[in-house]
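K.L.:
Here's the letter readout for the chains.
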Amino acid sequence: MKKCLIVDDSRIIRRVASKIFHELGFEPEEAENGKKALDASRIRMPDVAVVDWDMPVMDGLKFLEGLRKLPGGENAIVIFCTAENEVPKIQEALDAGANEYIMKPFDSEIVRSKLTILGAID
Amino acid sequence: MHPDDFEFVARLLKDRSGLVLTRDKGYLVENRLMPLVRQRRMKGINDVIAGLRAGEASLTDSVVDAMMAKDTAFFRDWKPFEHFRTVVLPNLIAQRGTKKTFRVLCAGVSTGQEAYSLAIIMREYGRALAGWKAEIVGVDISAASIATAQLALYSQFDVQRGLPIRLLLKHFKKRDESWSLNGDIQGMVGFMRWNLMDDLFPLGRFDVILCRNVLVYNDLQTKFNVLQKLARVAADDGVLYVGRNEPLTGVSSSFKVVNPDLGVYTVTRAEKATTRSLADAT
Numbered sequence: 000m001k002k003c004l005i006v007d008d009s010r011i012i013r014r015v016a017s018k019i020f021h022e023l024g025f026e027p028e029e030a031e032n033g034k035k036a037l038d039a040s041r042i043r044m045p046d047v048a049v050v051d052w053d054m055p056v057m058d059g060l061k062f063l064e065g066l067r068k069l070p071g072g073e074n075a076i077v078i079f080c081t082a083e084n085e086v087p088k089i090q091e092a093l094d095a096g097a098n099e100y101i102m103k104p105f106d107s108e109i110v111r112s113k114l115t116i117l118g119a120i121d
Numbered sequence: 000m001h002p003d004d005f006e007f008v009a010r011l012l013k014d015r016s017g018l019v020l021t022r023d024k025g026y027l028v029e030n031r032l033m034p035l036v037r038q039r040r041m042k043g044i045n046d047v048i049a050g051l052r053a054g055e056a057s058l059t060d061s062v063v064d065a066m067m068a069k070d071t072a073f074f075r076d077w078k079p080f081e082h083f084r085t086v087v088l089p090n091l092i093a094q095r096g097t098k099k100t101f102r103v104l105c106a107g108v109s110t111g112q113e114a115y116s117l118a119i120i121m122r123e124y125g126r127a128l129a130g131w132k133a134e135i136v137g138v139d140i141s142a143a144s145i146a147t148a149q150l151a152l153y154s155q156f157d158v159q160r161g162l163p164i165r166l167l168l169k170h171f172k173k174r175d176e177s178w179s180l181n182g183d184i185q186g187m188v189g190f191m192r193w194n195l196m197d198d199l200f201p202l203g204r205f206d207v208i209l210c211r212n213v214l215v216y217n218d219l220q221t222k223f224n225v226l227q228k229l230a231r232v233a234a235d236d237g238v239l240y241v242g243r244n245e246p247l248t249g250v251s252s253s254f255k256v257v258n259p260d261l262g263v264y265t266v267t268r269a270e271k272a273t274t275r276s277l278a279d280a281t
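Chain order of the listed sequences is A and B. The first sequence begins at 0 in numbering that gives the first Met the number 0 and counts up by one. The second sequence begins at 0 in numbering that gives the first Met the number 0 and counts up by one.
Keep in mind that the hints are not guaranteed to be accurate.
[What the hints assert, rightly or not] Partial list, computed: chain B residues near chain A (C-beta under 7 Å):
| id | residue |
| --- | --- |
| 1 | R37 |
| 2 | W77 |
| 3 | P163 |
| 4 | I164 |
In short, the hints are calculated from the structure, not lab data. The beta-carbon is built from N, C-alpha and C at its ideal position, and this holds for glycine as well.
Build the full structure now, drawing on both the sequences and the hints.
P.N.:
Shown next, in the form of structure tokens:
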């Protein structure tokens with residue numbers, strides 16, 4: 000089963016995202032900030048990481064930077080999932096190496112379509 | 000809703016649009032018509048029924064409009080659009096190279112997302128289509144949907160359903176909390192209100208037809224009739240895309256399946272059996 004790492008400081012968002020990814024056939028794992036997510040990635044590299052932007056301890060961009068340096072980290076699909084919906088912010092995340100971007104609020108159809116685009120699900 | 004009233008509305012919808020409502024769908028009628036009741040400052044559904052029975056044309060149009068399913072998305076299901084990009088578009092370029100023109104019909108286009116997805120694919124295709132005249136026509140029975148399609152202004156939810164983020168940034172401008180499609184893509188698609196149960200000949204001939212998830216709520220006879228009309232306006236080597244969950248086997252012999260998983264069909268014309276379809280992989 001593919002692993003999805005959900006990185007968000009909101010427990011509610013993590014729960015909602017976990018439920019959606021579980022229903023899409025993923026094994027969800029949760030982390031409340033970028034640092035914990037990096038630790039989890041060192042133990043088992045996620046197939047997909049869904050990452051918030053602003054988080055305490057380590058934000059989403061720093062996590063992305065660290066993840067790409069880990070063995071196998073360059074192949075992980077990283078989807079930013081954040082309330083930031085201004086074009087410069089979205090562009091910044093893409094320039095930093097994010098594969099896709101979801102603007103909150105989101106629903107299962109948005110997640111499903113993004114994963115289909117990325118070839119992570121059929 | 001009184002059973003007689005439901006029967007009356009169901010018959011009217013069937014006659015006007017081919018939509019089939021089973022008796023358990025009374026709640027659906029009430030749910031979809033309540034906004035109309037408020038908009039027209041009526042007292043309730045009974046006023047709508049009375050207006051329909053009196054033959055009020057504008058109200059009848061509004062009721063048909065309100066009852067139509069409008070669910071759609073950019074690049075809906077993704078893979079059929081990849082098929083268009085990787086198989087059909089190269090075939091069009093190879094087989095229409097003399098006239099450098101082709102036409103696409105989006106039948107039941109709703110609010111325009113699938114038609115604009117094709118336009119984006121063509122724009123992204125680049126120089127291979129330079130100098131070509133590629134026309135996309137979107138038709139729908141719903142005047143409200145056509146108006147939305149022409150406006151090309153979509154909510155944050157709409158643009159996230161199926162549209163890759165890079166294409167969003169490239170082809171849309173953010174306007175407050177909505178996203179407006181750029182004029183160059185908008186200009187590639189023409190929309191008009193059209194009932195698929197009517198004659199389609201005035202629309203001209205089409206090389207590619209999308210009629211995806213449009214006929215799912217119609218009965219077998221209506222499906223057959225519409226597919227016959229679509230076959231008549233399709234090029235001999237034309238392609239038809241339907242929804243992946245609406246197989247045409249046993250519905251129409253006008254089209255033969257190319258890829259059932261993607262809902263890709265091609266025109267069946269006995270006398271042109273040797274014609275290579277635009278849907279055939281090279």
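K.L.:
Any hints this thing doesn't respect? Which numbers, in order?
P.N.:
1
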